[in-house]
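Number of protein chains: 2
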Amino acid sequence: MSLKEYTAEQFKKFGPAELDIHQDVAQLTADLLDIYSVSGEEKRLADAVENALTNLENLEITRDGDSIIARTDFGKDKRVVLAGHLDTVPLPAVEGSEGTVPSVWKEEAGERVLFGRGATDMKGGVAVQLALAAHLTDSAYDITYVFYDHEEVSSELSGLGRLMRNHAEKLTDADFAVLLEPTDGTIEGGCNGTMRFWIHTQGLRAHSGRAWKGKNAIHQLADILTRLSNYEPQTYDVEGLAFREGLSAVEISGGVAGNVIPDEASVHINYRFAPNKTLDEAIAHVEEVFAGYELDFVDQSSAARPGLDAPMSRSLIESVGQEPKPKYGWTDVARFSEIGISAVNFGPGDALLAHSDNEHVKASDIQRTYEQLKNWLTA
Amino acid sequence: MSLKEYTAEQFKKFGPAELDIHQDVAQLTADLLDIYSVSGEEKRLADAVENALTNLENLEITRDGDSIIARTDFGKDKRVVLAGHLDTVPLPAVEGSEGTVPSVWKEEAGERVLFGRGATDMKGGVAVQLALAAHLTDSAYDITYVFYDHEEVSSELSGLGRLMRNHAEKLTDADFAVLLEPTDGTIEGGCNGTMRFWIHTQGLRAHSGRAWKGKNAIHQLADILTRLSNYEPQTYDVEGLAFREGLSAVEISGGVAGNVIPDEASVHINYRFAPNKTLDEAIAHVEEVFAGYELDFVDQSSAARPGLDAPMSRSLIESVGQEPKPKYGWTDVARFSEIGISAVNFGPGDALLAHSDNEHVKASDIQRTYEQLKNWLTA
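Note that the protein sequences, when read in sequence, are chains A and B. Just so we're aligned: the first sequence equals residues 1 to 379 in full-length UniProt numbering. Just so we're aligned: the second sequence equals residues 1 to 379 in full-length UniProt numbering.
If we strip away everything but chain A, and leave its shape as in the complex, we get:
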């Protein structure tokens, strides 16, 4: 098929205004790719999703900004959340044109492969949610479908966070959540937490020709960098999954001029911590590692336990039939974990392709994920 090229402005008006959510789930994914939904501009896609869900029977729909909650009322004892975000990162540049590529099907090694922004992260997952909503008229569990905006940007803008603040009662009654972020065919449990902080050193400015009159703030970083360099990140087993930690300087700065002893220097440190720790425990740990220094925190996000011990989790793992893995990157399973709902990541596509200009997903991966979730839900 030929490459379709559009300017971003054309693309914003391109694609189906109405979604056929009963069609093949892979083709549904392509239709979702054809609706522009970079963070902050999810409205057209949210409208299409809301319309499609409203046309179904028996779903109670709540719209909040460009986020949607759609709840079944099958009268079951247990309830599961199926969640995914509608937004994507900005479009990849297309070489030799100012255009963008909504969706392109290619044939690779006998497989149909869908290329385009959102193919991996995570319109395949959203298509699976919509197809399940379309086809499941009954299920072993009641289902709360959640579609949300602003996942790919600053945490405080998160549509899921907003839903949890504004409509907690429609979310907290769930027993389990599946976040359809790409996990390449298996279940990825929990996620590492992450925090960032600065350590600043203070010195005394002086001319470098009379260095003894000053106190060098950069030299004082030696101790901090030595602690970092000597630190041995641990790997923790949590519910059978190995979560590997990391403690890394991500930025360093200091200096006034080539002939001045600097009076200020700073190092910015990122701690990725396993879900065997609460946020407070993780803070206590870095405060111990850097005892004697003040930590100036920039952000702090909890880890999420894998949730693999939960009975619904065990049945999902069995249904998928693959060894679960840990999720290293932070995902919204941590938000579900924070409100007391066990959650796992399970969705089509390879997370390592997310945000790349080469984002793609196999049709068969989307279809298989759909089948696996459908089998599990109707078992």
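I should point out that these hints are in silico values taken from the structure, not numbers from a laboratory. Hints are supplied without guarantee of correctness; some may be wrong.
Note that identical chains are pooled: a pair holds if it fits in a single copy or bridges any two copies.
Result set (DSS-like, lysine-lysine): computed pairs, CA atoms no more than 25 Å apart in a straight line [said to hold, decoys possible]:
no., residue 1, residue 2
1, K277, K213
2, K325, K215
3, K43, K12
4, K215, K362
5, K13, K106
6, K12, K170
7, K76, K170
8, K170, K78
9, K325, K213
10, K215, K106
11, K76, K13
12, K215, K76
13, K374, K76
14, K215, K78
15, K362, K374
The structure displayed is predicted, hence computed values, not measured ones.
Based on the hints, put chain B in the right spot on chain A.
Chain B in isolation, oriented as in the chain A frame:
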């Protein structure tokens, strides 16, 4: 006296076009301050100096750009250079106006004090040179007066360096040089050398959520900063003067983004070394301190030995009657030292005030320096 305020443009045309170099040397300094001569714009002052010297008898004058060499021909065995730069750093900002202050006399503790850009660095010294040229019709030594441009800027622009390249024969026949940079009443011998270099570390970029896939270039700075932090700068006795060294980080940088293991980091280091070392020996020393790293040199300037052992130096010290001191900052005595001429710093004003918005010099300091040099030269 009232504060005179001018815009820089007015100031550039202000002040005497002709210098009276026979008047009181302190008032001559004020007249020099009233002629704008920020580096690169020394022409008006150089013209005035050249005219004043041309009106004297028995001086052989060479003009090169805005630098001037004026040589006596007293027929003496020995020859001394008296050298000073004509340029100043940019003007201080005057609060509440866009004006500048050419020269202002104030009364402080019964002393007449001259304020203004160049008061310390170094129009008092230039005034002393001019007054000596005006008044000395004979001397114990022949004298080579040197006035030069572009001292306050990048080393390769130096007017003195240019004179040494273009008119070496008019300089190298001297036995001794006095650089009239401010030394606050005593002789400052030699100067420390200075060099600057970068050390870069290389790592491997990775997502900080998978830190073990990368190699952190900032963590690799730990060893370099530890060497710096543990380094104990030495003080060396050279010809009876104590030269204190310094090895200082002056800048540090590294980092890509808050979630990326950085693959590059750098630290910029300044070594101030005593004149017991040649430039090559100083380079060998830092290469030993940072063995295993490549040093990326930005600049390298030799130290200058104090030159206090030279007979003319000894007689000058005796005449001044103050204990000589080492000069920590780099000055053009190093250029004289490089062409084989012993040189010392001796001029009116406190070097610590140089370049400050509060630059000033006492009339009596300028007058005393003039008398001391005159007595020495005519002894």
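Do the hints match the structure? See the list:
In the homo-oligomer, the alpha carbons of K277 and K213 lie at most 25 Å apart only across protomers (23 Å), although the nearest pairing inside one protomer, at 45 Å, exceeds that limit. For the homomeric pair K325 and K215, the shortest alpha-carbon distance between copies (24 Å) is at most 25 Å, but the shortest distance inside one copy (49 Å) is not. Taking the shortest Cα distances, K43 and K12 sit within 25 Å of each other inside one copy (10 Å), while across copies they are farther apart (63 Å). In this homomeric assembly, K215 and K362 never come within 25 Å of each other (Cα to Cα): the closest approach is 59 Å inside a single copy and 32 Å across copies.
Taking the closest pair of Cα atoms, K13 and K106 come within 25 Å of each other only inside a single copy of the chain (24 Å); across copies the shortest separation is 75 Å, beyond that limit. Proximity of K12 and K170 under a CA criterion of 25 Å is satisfied in neither setting, with 31 Å inside one chain copy and 76 Å between copies. For the identical chains of this complex, K76 and K170 are intra-copy neighbours only, at 15 Å inside a copy versus 104 Å across copies, given an alpha-carbon limit of 25 Å. Taking identical chains as interchangeable, the C-alpha atoms of K170 and K78 lie at most 25 Å apart only when both belong to the same chain, with a minimum of 14 Å there against 100 Å between chains.
In the homo-oligomer, the alpha carbons of K325 and K213 lie at most 25 Å apart only across protomers (17 Å), although the nearest pairing inside one protomer, at 56 Å, exceeds that limit. Within a single copy, K215 and K106 get their C-alpha atoms no closer than 62 Å, and across copies no closer than 36 Å, so neither meets the 25 Å cut-off. Taking the shortest alpha-carbon separations for K76 and K13, neither the intra-copy value of 41 Å nor the inter-copy value of 93 Å comes in at or below 25 Å. Taking the shortest Cα distances, K215 and K76 never come within 25 Å of each other, neither inside one copy (69 Å) nor across copies (51 Å).
Taking the closest pair of Cα atoms, K374 and K76 come within 25 Å of each other only inside a single copy of the chain (16 Å); across copies the shortest separation is 109 Å, beyond that limit. Within a single copy, K215 and K78 get their C-alpha atoms no closer than 64 Å, and across copies no closer than 46 Å, so neither meets the 25 Å cut-off. Proximity of K362 to K374 under the C-alpha cut-off of 25 Å is restricted to the intra-copy arrangement: shortest distance 19 Å within a copy versus 93 Å between copies.
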